[in-house]
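Enquirer: Given chain L, work out where chain P with the ligands should sit, using these hints.
Given next are the chains, with one letter for each unit.
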Amino acid sequence: MGVTVAEEWLNACSGCEISILNTGEALLDLLPHLNFVHIPVLLDHKYFGQTGEKTAFEIPEAVVGIISGGVRNEEHKHVLNEMRQKSKILIALGSCAAYGGIPAQANMFKNDEILEKVFRGSPSTNPSPNPEHSDVPKWTNTVQALDEIVKVDLTIPGCPPHPDWIADAILALLAGKTAWALPERSVCDTCPVIREKKSVGGPIKRGLTNLDFDPEAGLDKMRCINEQGFFCIGPVTLAGCAGKEGVPRCVQARTPCRGCFGPIRKGARPMVDMMGALTSVGLDPKTLVDRRAIMNRYIGAHGYLTVLPARPGK
Amino acid sequence: MGKVINIQPITRIEGHAKVAIHLDDAGNVVETKVHVQALRGFEKFCEGRPAEEMPRIVCHICGICPWAHHLASSKAVDACFGVTPPPAAVKLRRLMQNIAYIGDRILHFYFLAAPDFVIGPDADYSVRNVLGVIQAVPDIARQVVKMRQMTANMLEDFAGRAIHPTFSQAGGVSKPMTEKERSAMLPLAQELLEFSQFTMKFAKDNVFPKYLDAIKTIGVIRVGYLGTVREDGAHDFYDGKLRLMKPDGSYEDFAYDQYLDYIGEWVEPWSYQKFPYAKKWGQLKLDLDDPVGVYRTNCLARVNVVDQMATPLAQAELEEFRAAFGRPAHFTLLYHYARLIELLQCAEQALELLNDPEITSRDIRAEVTPKAGRGVGCVEAPRGSLIHDYETDADGLITKVNLIVGTTHNNAPINLSVFQAAKALIHDGKYDQGILNKVEMAIRAYDP
Ligand code: SF4
Ligand code: SF4
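So the sequences go chain by chain: L and P. Letter 312 of the first sequence, counting from 1, is numbered 312 in my numbering, and no numbers are missing. Letter 206 of the second sequence, counting from 1, is numbered 206 in my numbering, and no numbers are missing.
These are computed hints drawn from the structure, not numbers from a lab. Yeah, the Cβ is synthetic: ideal placement off N, Cα and C, and Gly gets one too. Fair warning: there could be bad hints in the mix.
Per the computed footprint, the stretches of chain L lying under chain P, defined by three or more beta-carbons under 8 Å from a beta-carbon of chain P, are [what the hints assert, rightly or not]: (1) 36-46; (2) 96-103; (3) 289-296.
For reference, chain L alone in the conformation it holds in the complex:
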């Protein structure tokens, strides 16, 4: 009865799981080949036995382990280690698992500052000490990607990942392969807009007006977003958000890419490369408002985002 699969979510929003369910009818064809042994969103398997009778935390062994979300607390770490031990092949699903994701924006702040704000700095909240209890896991120092803690065999990035790639990766594993990766292309490589290699110039515009486009015409008649003078991080972002075919999703919405698929290759320096890309079309990267946060929006783990020393006067 198919290959065994265990799935867990850590510091995540459940968008990855919804994306799996959006695989649609392809999902129904795939299901008979998969034998889910643990997946909290769909299946009532419990860590300590079905009536909580066991003393040891346990996730069943599985050929494929899938994890969405990065690591934010001690319990996430624990689940991650158990999943690593019990799975032959561990998949990091989505950009939180792969790069920290949006929650890793928290890495720009000290934990104390964040907790102070949440529990004592909110106008609706009765100021209270931070929750502390054996059933409330302690925060780790930073938000981390999975591969900062354990070996990850395969990464399906995206926020959320496209169902095409989830199905593709799983089919590859079912066919006996042990590796799978998205092709190393940029979002721009899959973007149909008109590029003239120079922008309208001026300081980089914020998203306060709509792009210039003809709603009746296709994207192939619209000018590149960077060249229109706005900030689009497509040049340094891995392609694939629209699945096997289709145009970049945000551009389809007539909005700029913000990099949810992460860097094109491991070890890339997207911020440096992006500054180059902006400069090459005549835009000044220094005029980009909130530059560090926006350029690292989905990739704040791996030390990309850190707490900066306090600046005097700021």
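Expert: Below, chain P with the ligands alone, put in the same frame as chain L:
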């Protein structure tokens, strides 16, 4: 004290939590706690971000209802910058919201809740899941998967993304709808309406009557309700005022930006999730027999607070529901019923909006200038009244964020419902998988 039964993790919900049931030496329930273990800190790390980026950052709070956050955030930013989006932009926002909520409701009913009702609450966990449902009713399952994919495609084809959208912008939306897009969407919306009607009928014929006993016993509590109503008292997901109803049905209405006068948030050391409570009713008291300050949100709350639904089919269902269960209806498992009444309204409204000639207007974005301000943006998320409260500086950068999200409102009542269910079901230390699952059903009804 005797032993503690841990249900960990709580499953078929959309987050991380565990239940601890404390028994005394005789094996009877003395206390229960629902520990929510997730905390991410959006309220802090959004500080410094340009306000117009917020709608596409905060949608990541929840991958199941990203559209709710996306829209509440857009409304908060509109208010910070003092801009009113053109009518067509509001209609497009509403259209996307309805389509997204249709997908959400179908997901919850068939994928998360149905295993307890179609397979049975006492069945072994290996079959009590969506795969079991697929085997039990394969034709319906195929339809469900198709409908969900359809809602996702409708959102993606027009607005680029179904999950974590970018479409709604400060002052409006990013693109207009063309006549071609409108006419492509219309038949799909019609199909969704038919499927919604089918689902309601299916539930009324095959599910609710069979579980009337469970409905009357599991998780039952008597508390207040919070939800949005239009000026005329009708149900609305996108805009209106908040109505806070006492358990006896009396209520008070207030504007979204007055929420701080009515709602406080309590912190307990044993959960990262706060406990919102109705301030004016007194200090929060999580006492099953005499709760103070406790109110619920989400669909059951909304169908209780509204005077009427906004569309005819949904209204007919509400009348039938009220005739059977009264107003306010207190049984917790009725959340499942209320959710389907709303499903109908979403489908009817999506069609209505697509038939509105203004939906294809080109006037979809007002002029926006960053400035200092405060904005409270509120919409009804699938899981309850969603409040985004922002402040900006003169450059339009975020200086303060306060969020109260749908499920958080339900933290106190969920804890009460779990206590009620555990007390009613566990005696003399006797419990099994089925009983513990019924305790979880009290949580699942809220769709947290
Ligand atoms: S910068 Fe953006 S708009 Fe321009 S080609 Fe790349 S992805 Fe497309
Ligand atoms: S365009 Fe960029 S941000 Fe948008 S979905 Fe694609 S990769 Fe993600």
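Enquirer: The structure should be examined with respect to each hint, and the outcome stated for every one.
Expert: Hints, one by one, checked against the model:
With 8 residues having a Cβ less than 8 Å from any Cβ of chain P, the segment 36-46 of chain L passes the three-residue criterion, so the hint holds. By the rule of at least three residues with a Cβ nearer than 8 Å to a Cβ of chain P, the coverage given for the segment 96-103 of chain L holds, with 3 such residues. By the rule of at least three residues with a Cβ nearer than 8 Å to a Cβ of chain P, the coverage given for the segment 289-296 of chain L holds, with 4 such residues.
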